[in-house]
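> Sequence:
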Amino acid sequence: MDTTQRTEQQRSADRRRRELLEAADRVVLRDGPQASMNAIAAEAGITKPILYRHFGDKGGLYAALAKRHTDALLDSLRAALDAPAERRERVEATLDTYLAAIEARPQVYRFLMHPSEGGQGTEAGFDVGKHSAPLLRRMGEELAQVIEDRLDLGPESQRLARVWGHGIVGMMHAAGDWWLGERPCSRAELVRSLADLLWGRLAAAGDRIGGPGF
134 MDTTQRTEQQ RSADRRRREL LEAADRVVLR DGPQASMNAI AAEAGITKPI
184 LYRHFGDKGG LYAALAKRHT DALLDSLRAA LDAPAERRER VEATLDTYLA
234 AIEARPQVYR FLMHPSEGGQ GTEAGFDVGK HSAPLLRRMG EELAQVIEDR
284 LDLGPESQRL ARVWGHGIVG MMHAAGDWWL GERPCSRAEL VRSLADLLWG
334 RLAAAGDRIG GPGF
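Counting from 134, one number per residue, gives the positions in the sequence shown under my numbering.
One or more of the hints may lead you astray.
[Said to hold, decoys possible] List of simulated lysine to any residue pairs, SDA-like, C-alpha gap at most 25 Å:
(1) K181 x S169
(2) K200 x H187
(3) K200 x R325
(4) K181 x R149
(5) K181 x R211
(6) K200 x A175
(7) K181 x A199
(8) K200 x G287
(9) K181 x Q167
Hints in this document: simulated from the structure, not taken from any laboratory.
On a predicted model such as this, the values are computed, not experimentally measured, just so you know.
When you get a sec, could you build the whole thing from the sequences and use the hints?
Given below as structure tokens:
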């Protein structure tokens with residue numbers, strides 16, 4: 134098989150995988166954590182064994198969907214952090230971007246972060262901690278890198294940036310999860326309150342020399 138043929142086959146496989154993920158997204162938007170492999174296969178117009186051939190099991194499909202949505206969210210968070218605005222405004226915009234994302238697609242959020250809500254009748258091996266923790270870890274590392282690149286935090290800058298990155302992501306996740314379930318205040322009020330909590334040390338830190346600024 135020549136290189137051109139292999140490349141075309143890979144493109145075809147990638148295209149088919151995207152189509153299946155889009156079908157899975159439609160089912161998740163409708164069913165949330167109760168989304169099943171049977172329903173996703175039916176939505177895609179294929180049999181479940183074919184779906185397994187592409188993703189292995191529901192955990193494999195979950196991982197692919199998680200990457201798809203996490204990539205999109207991280208792109209949005211980076212855009213908010215890089216927007217031409219004062220630091221406080223960018224902090225609030227970043228918090229609001231995260232909260233707006235989970236508010237806009239709550240069923241997707243619950244599928245990614247609360248898959249065990251599927252209950253009886255769904256496929257086994259879908260542990261919320263096993264699957265959601267890596268997503269939060271990835272977001273924490275990404276935010277830590279942003280902080281390290283932009284702020285001068287002294288001689289322990291790298292370590293402190295990771296502490297801050299994971300701490301901020303943990304705060305956003307916990308506060309957002311609570312807010313999405315109870316809606317005790319407006320999104321704008323939550324953003325302001327969380328920004329107030331973060332602002333003391335962030336306001337005092339200087340920009341890293343030669344960095345893109347924060």
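> The structure should be examined with respect to each hint, and the outcome stated for every one.
Structure-based check of all given hints:
In summary, the hint linking K181 to S169 is supported, as the alpha carbons are separated by about 10 Å, within the 25 Å threshold. In summary, the hint linking K200 to H187 is supported, as the alpha carbons are separated by about 15 Å, within the 25 Å threshold. For a cut-off of 25 Å, the pair hint linking K200 to R325 is broken: about 29 Å separates their Cα positions. Between K181 and R149 the alpha-carbon distance is near 15 Å, which keeps this suggested pair within the 25 Å criterion.
Simply put, K181 and R211 have alpha-carbon atoms about 37 Å apart, too far for the 25 Å limit, and the pair is violated. At most 25 Å may separate the alpha-carbon atoms for a hinted pair to count; K200 and A175 meet this at roughly 23 Å. Distance check on the hinted pair: K181 and A199 sit about 20 Å apart at the alpha-carbon level, within 25 Å; holds. A hinted pair counts as satisfied when its Cα atoms are at most 25 Å apart, and K200 with G287 does not qualify at roughly 33 Å.
Between the alpha carbons of K181 and Q167 the distance comes to roughly 16 Å, so the proposed pair stays at or under 25 Å and holds.
In summary, the numbered hints that this structure violates are 3, 5 and 8.
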